[in-house]
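Protein sequences, first through last, are from chains A and B.
Quick note: the first sequence uses the working numbering, first residue 14, plus one each step.
Quick note: the second sequence uses the working numbering, first residue 483, plus one each step.
Derived from the structure by calculation, the hints contain no laboratory data.
Even for Gly, the Cβ is constructed at its ideal location relative to N, Cα and C.
Some hints could be false.
Said to hold, decoys possible - Okay, the calculated beta carbon distance ranges per label pair:
#, chain 1, residue 1, chain 2, residue 2, range
1, A, Gly159, B, Pro670, 36 to 44 Å
2, A, Glu117, B, Pro865, 45 to 53 Å
3, B, Asn771, A, His303, 40 to 48 Å
4, A, Asp329, B, Ala686, 31 to 39 Å
As the list claims (entries may be wrong) - Over 12 Å on every C-beta distance to chain B, these chain A residues come out as not near it, computed from the model:
#, residue
5, Ser16
6, Glu91
7, Ala107
8, Asn123
9, Val137
10, Asp234
11, His261
12, Gly271
13, Glu284
14, Glu290
15, Leu297
16, Leu302
17, Ser317
18, Arg328
As the list claims (entries may be wrong) - Derived BS3-like pairs: lysine-lysine, alpha-carbon spacing no greater than 30 Å straight-line:
#, chain 1, residue 1, chain 2, residue 2
19, B, Lys748, A, Lys116
20, B, Lys748, A, Lys136
21, B, Lys552, A, Lys312
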Amino acid sequence: MLSRVANSIYWLGRYLERAENYARFIDVNFNLMQDLPGDLKEQWLPLIATTGDLELYKSKYQGFERQNVLFFLVFDAENPNSMISSIKFARENARIIRENLSKETWEKSNELHYMMQHGLEKKVWKKEDPRPFFEKVKNQILLIYGIADSSVARVEGWYFRQLGQYLERADKTSRVLDVKYHILLPSDQEVGTPLDFLHWMALLKSVTAFNTYRRVYGNIDPACVVEFLVLNKYFPRSIYFCIKKAEHCLHNISGNLGGGYMNSAEKAIGELRSRLEFSEVGELIGYGLHEYLDNLQVKINQISDLVDTTFFTIRDNQVQQSQSQS
Amino acid sequence: MNIDHYKTGGHFDEMVSPEGEIRSHYEEFYKHLKKTSSRKMNHLQFSANQTQRSMGMTFNVYHDNQGLEKILHLDIIPRIIPNSEWEILESGLKQRTKAINYFLQDIYNEQQVLKDGIVPSDLIVKSRDFLEPCIGLTPPKGIWCHITGTDLVKNVDGQYYVLEDNLRCPSGVSYMLESREIIKRVYPDIFNQKGVKPVSDYPAKLLSMLQNLSDKPKPVVGVLTPGIYNSAYYEHSYLALQMGVELVNGVDLIVENNKVYMQTTKGLEQIDVLYRRIDDTFLDPLTFNPESMLGVPGIFEAYKAGNIALANAPGTGVADDKAVYAYVPKIIEYYLNEQPILNNVPTYLCREEEDRAYVLEHISELVVKETNAAGGYGMLIGPKSTAEEHEKFRNLIRNNPKNYIAQPTLSLSTVPTLADNTISGRHVDLRPYILYGKDIEVIPGALTRVALKEGSLVVNSSQGGGSKDTWVLY
């Protein structure tokens, strides 16, 4: 597969997953706000803090009013990580490599792009209840996954898209969990109160983990939630699960199915996977959850960079030209 | 739909004769049209538009800083061509392609046609499309023009006239293919009854033509595109997809030891045949335009060494120059010793004194074209222009006569077209596609471009034209 094409497929996977996650956690925050007591102000700041774009937001807006936050996260083309930007980039990547995609994958990505444009025209962020829109976007993305799942051959391209998707998902789950660090409780005494539980529940719901969590653990307990979302071996959005899957993709790409590693990307992800595999939740919390998650995000970025240098970097033939001319 | 009011307006109409009779090859379609309500037709048109949008059947508009992608409007009323008429076109196009190929081989080698004075020597060797690096070259299998899209129109006399031979990177074939898929859904019944020749095997034919250019048992084929900002990018990726080959940019390729390689996730992989959609002079900065970032340094040397086949061969552009066009009938007679089957439009070469004098005097009746421009740019339609514009072009011609030709304004034929809840005639042209592989083959279909504005003759997509599906009947 052409390196340039592999690069585009990988980013197609990442951007779609990013957009889907944004749709999820905006939806959940919306729900959460409705459950909060009236005297507690709506909290939209934590949502922006989790995306890592707080600085950019502050440079553009005053305060954290709902409509501004929604616009920034969903429709602001100047925010490179907004849903509309992610979907535009996803579609642009799909367009670049359309010859490598199934007709349906391309068409549904294209429709998704127009769906966002339509939302922009209709000023969805100003609606009293914009949730149906997020639901639609999320479903459209799930539809793309579903079509791919049942129609794309498990060859290189498939694994590159999955690799992008799982690395992005691992990053986003870590950020969702980090929301808890940013959400303010009225006072320390509120820890363990219904309000605190509401937050943890909202968090689980944002990754569609609530029912599964209930079955596994029963009661809402912060340490259990952390354990579930970081270390669980079977839940498809837990960080461990995503990293394990991403590692699997890398091995399939290089054909290294016998264990060990064949390149620096495999080595880095193998290290991270085994560290997660043998971690206890107590260690994580003892380390400081926020710090632990920060660290994890840095590692995921490093892996992404190594994927880039290992597979996507191409020699510049134009440079060769100027050398041979001089 | 009420179409009793439909008028031919003094042009040749493809559906209705001047006497108001429905031509026999349109009869069934006409009946279908009559019994379909205008509401239904509008609805079908709406769905076709939606389908196009979801397929992403778009082209980019140059000079538009928004990087706007536009949809080439597809009118759902087809243009129908009876088989007897098509057979003439087909043999005429084959004849033309064969002669032009001989011509190209000759001018880059013996130049006998120039020595014999059939075509003026300076017209060829001084043309900016005459590529000196190609002198002495014989491309693989002796074929220069593998893919041609010839533009024709039908005049009021009911005869086809060739407007130009597009031998460089003719585009639009993806619209022919995709439009057919859409239109098949619009008229599911009528398709079976009428018997329309299929076009859907074009990509397979294109692929085997390309594979034929290499002697390897399993040659690696690719489509070379200038990239996503090119107006025809949709088509490049469509064709690569349909053929199941790689779509490559210049940056994906690298030349080592006169061989061309693709840069893949598993290292370098040699490529044997390229259907290149990059203009000649952008192909290789080492041989041609050193400024080009689109091409592949060293690819021309690899081509000369026989390590890669290129379609179309570099250098073909010299033969579709609008001035050389005037000589094509002579070229046919010279190489094939046959009478041309298809008409040329009478052409005045401003480089010739007598012709120029005529053009300057009769400019208000003529269409003036730049010999090297494409896409409807740089032309004057005399009868539709102001005295000021006439004067401007007179000056352009006087200053650079070799750059211009002029032709009488033809009255392009019309085809019924859906417009504002009714149906009226709109002018069309026709671009069939010809593949030159083991044999020369004309695909039984075409891109029919239609001037959507009433009375307009400009059919170019970049200038507000649309398209129609073209049905060639069995």
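Taking the hints in turn, this is what the structure says about them:
no. : hint                              : in the structure
1   : A:Gly159 <-> B:Pro670: 36 to 44 Å : violated (28 Å)
2   : A:Glu117 <-> B:Pro865: 45 to 53 Å : holds (49 Å)
3   : B:Asn771 <-> A:His303: 40 to 48 Å : violated (56 Å)
4   : A:Asp329 <-> B:Ala686: 31 to 39 Å : holds (36 Å)
5   : Ser16                             : violated (5 Å)
6   : Glu91                             : holds (16 Å)
7   : Ala107                            : violated (9 Å)
8   : Asn123                            : violated (5 Å)
9   : Val137                            : holds (20 Å)
10  : Asp234                            : holds (44 Å)
11  : His261                            : holds (17 Å)
12  : Gly271                            : holds (18 Å)
13  : Glu284                            : holds (22 Å)
14  : Glu290                            : holds (27 Å)
15  : Leu297                            : holds (35 Å)
16  : Leu302                            : holds (37 Å)
17  : Ser317                            : holds (15 Å)
18  : Arg328                            : violated (6 Å)
19  : B:Lys748 <-> A:Lys116             : holds (26 Å)
20  : B:Lys748 <-> A:Lys136             : violated (46 Å)
21  : B:Lys552 <-> A:Lys312             : violated (42 Å)
Hint compliance for this structure: hints 1, 3, 5, 7, 8, 18, 20 and 21 are broken, all remaining hints hold.
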